[in-house]
Amino acid sequence: MSQFKEHAADERSLASHPGAAPVLDGALRREIEAYLSRYPTKRAALLPALHLVQERLRQVSPAAVREIACLLDLSPAQVQDTLGFYGFFKQHERLGRFCLRVCRSLSCAARGGEDLLEYLCRKLDIRPGQTTADGLFTLEFAECLGACDMAPAILVNDTLHGNMTKEKIDDLLKSLAAEKDAAGT
Amino acid sequence: MPYEPVLLANISKKESYTLRVYEAGGGYRGLRRVLKELSPRDVVEMITASGLRGRGGAAFPTGVKWSFLPKDHPGPIYFCVNADESEPGTFVNRIQMEFDPHQVLEGAIISCYATRASKAFIYIRYEYPLCYRRMQAAVNECYAAGYLGKNILGSNFSLDVYLYRGAGVYICGEETGLIESIEGRRAWPRIKPPFPAVEGLFRKPTIVNNVETLACVKQIVDRGVAWFRSLGVPPEPNNPRDPGSFGPKLFGLSGHVNRPGCYEAPLGITVRRLVEHYGGGVWQGRKAKAAVVGGLSTGVISEAEFDTPLDFSAPQRVGCLGLGTGCVVVLDETFPMIDFLYNSCRFFAHESCGQCTPCREGTRWALRILERIKAGRGRLCDLDLLMEIGLTIGITPGTTICGLADGAAWPIQTTIRKFRGELEEYIKKTNPHGYRETKPLPAMTGD
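Which chain is which? The protein sequence lines are A and B, in order. Reading the first sequence from the start, the letters are residues 1 to 185 in my numbering. Reading the second sequence from the start, the letters are residues 1 to 447 in my numbering.
Here chain A stands alone, though its shape is the one from the complex (with noise of 0.2 Å):
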């Protein structure tokens, strides 16, 4: 039933709004304008806009599929079909400051990589999918990080992290938690 609603809201939100305020700026629309030289289509811009809406806004929302629908000469729906399929992109929700991907495919899976996404499971009290409600962490578990030979692998935001135990992960959560404080925000 909550999907039910979800979706109706969905609906709502990607009916056009005439008076709100654009949820991509000036500079970010610039930046995606700035690859559709490379291609011959605009549509290939698509994967590039969606990266960096989400690095920027840490989500793609439905007003921003809209939004790069118009910058791309698509519909919102040909967006949101590439941007589904992907299940790589955040729409309803922010991306924590620190994403924790862990691995559980074979080789990882094979020196305790299930038993590290339990762990953090527990410790940060959310599963795969969720972030923590001061959205600092996002969990999720990843299909082979490629790190196999430094197996058991987490990749944080763009950082790969091998060979990890959970020592290692008390350690790892405490000093993101520390640049985050260092950081001031």
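In short, the hints are calculated from the structure, not lab data. From a predicted model like this one, the values you see are computed outputs, not experimental measurements. Every residue gets a Cβ at the ideal spot worked out from N, C-alpha and C, and that includes glycine. Mixed in with the good hints, there may be bad ones.
Here are the simulated DMTMM-like cross-link-like pairs (lysine to aspartate or glutamate), alpha carbons at most 20 Å apart as the crow flies [claimed, not checked]:
1) 90/A with 114/A
2) 13/B with 333/B
3) 123/A with 73/A
4) 166/A with 140/A
5) 90/A with 140/A
6) 42/A with 160/B
7) 168/A with 93/A
8) 71/B with 42/B
9) 123/A with 55/A
10) 42/A with 183/B
11) 428/B with 384/B
12) 287/B with 242/B
13) 374/B with 115/A
14) 374/B with 171/A
15) 374/B with 114/A
Covered stretches of chain B (in silico footprint by chain A; criterion: 3 or more residues with CB under 8 Å from a CB of chain A, positions within the stretch not fixed) [to be verified]:
16) 146 to 159
17) 176 to 186
18) 248 to 257
19) 324 to 336
Starting from the known structure of chain A, arrange chain B on it as the hints suggest.
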């Protein structure tokens, strides 16, 4: 005489990823020579003569693939570097791009010259952020040094290279899936023919090659065809369709070994030697039980089959799909094969793109059957049911567009064939009262 690494020769150097270090080691001399002395056709002939086969998993002869491009096409012709390495157990492209991006790039520039491509896209999976940064830095250095851009090194060959970032989807590594992804669509593989060499990216002729293949191209240009053919395994004399397995190969070794890592050896090294000599044996003093030979898709071999040579044809003789990516995952004697099977089926159920019904449904049902077995409600006939799925999904039985389903099927088939006893034991132990509850369904006959 011990084998001296060639593809990995650079990576132990300090700042191996910079142009300065790469050039000091003789980098881009091959490109200079090619642009000055060879025509594109000469390069294609050289690569064809070397017998180089694609390192990404399908092992298709690279020169032959290039020769499928239409002659005298007005252009543009596109070139894609497949750096969407997502096969479980596989990580050698990551090592190459992180530590020797210029070797990959030089191979790509030479290949673009050979195929007359004017634009190249390097499709890097999202999970490799360091590769992305290192490759982008390498591309920037190349533009500054005149190895990329207009009239490269004073020739009339011009090339632009762009990086393209994936978004966490396995199927983007399938070459037509990769093309669809660059076009901004869901990465649904296309029906072939037409092959990408005829009609690919933006409906123009397109070549898609793997990262390691391009590094081999660069080495063949530098060292010659005779060097390349002196390594590896010659074709079987009794099999006219076997083009042989020539050249060096990067083998990724992971799982329950003492020294996991990326190792270079000529094709044809046995699994046992790779594990013992390079990997330092099985960890914690245990024995091996099984190994994946070339990425999860290729299936498993038992310890008794560890003397299988890792070349393009030998793994098929022990029931595997092929050499795949050449990345071996070793499982020790304590690792339950039911967990292996569950892990494999979960991966493919998650990664099936949903385009073809047999794959979309088959991978999910296989997962649900395994979930039931693991929940203690397994039946012996479930193994037959899994086998039936394993035998009916994929290109080989002719029910899907791409090979993902074959990749899902082979771990199922090989595990049940080689470890049926252990799996039955597990079902009997976890479901002592119900394991014989139902009879197997009548097998589908196909008529």
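Hint check:
1. 90/A with 114/A: With a Cα-Cα distance of about 23 Å, the restraint between residue 90/A and residue 114/A is violated, given a limit of 20 Å.
2. 13/B with 333/B: Status violated; Cα separation ~38 Å.
3. 123/A with 73/A: Distance of about 45 Å is beyond 20 Å: violated.
4. 166/A with 140/A: Judged against 20 Å, a Cα distance of about 17 Å means the pair holds.
5. 90/A with 140/A: The given pair, whose Cα atoms are some 12 Å apart, holds under the 20 Å limit.
6. 42/A with 160/B: Measuring from Cα to Cα gives roughly 18 Å; hence the hint holds.
7. 168/A with 93/A: violated, 28 Å
8. 71/B with 42/B: Holds, at roughly 15 Å.
9. 123/A with 55/A: violated, 26 Å
10. 42/A with 183/B: holds, 9 Å
11. 428/B with 384/B: Given pair residue 428/B, residue 384/B holds - Cα atoms ~15 Å apart, limit 20 Å.
12. 287/B with 242/B: Violated - the C-alpha atoms of residue 242/B and residue 287/B are around 34 Å apart, more than 20 Å.
13. 374/B with 115/A: holds, 17 Å
14. 374/B with 171/A: violated, 34 Å
15. 374/B with 114/A: Distance of about 15 Å is within 20 Å: holds.
16. 146 to 159: Contact hint for the region 146 to 159 of chain B vs chain A: violated, 0 residues under 8 Å.
17. 176 to 186: n = 6 at 8 Å, threshold three: holds.
18. 248 to 257: Since 5 is at least three, the answer is holds.
19. 324 to 336: It holds: at least three residues are needed, and the region 324 to 336 of chain B offers 4 whose Cβ sits within less than 8 Å of chain A.
In terms of the numbered hints stated before, the structure departs from hints 1, 2, 3, 7, 9, 12, 14, 16, listed from lowest to highest.
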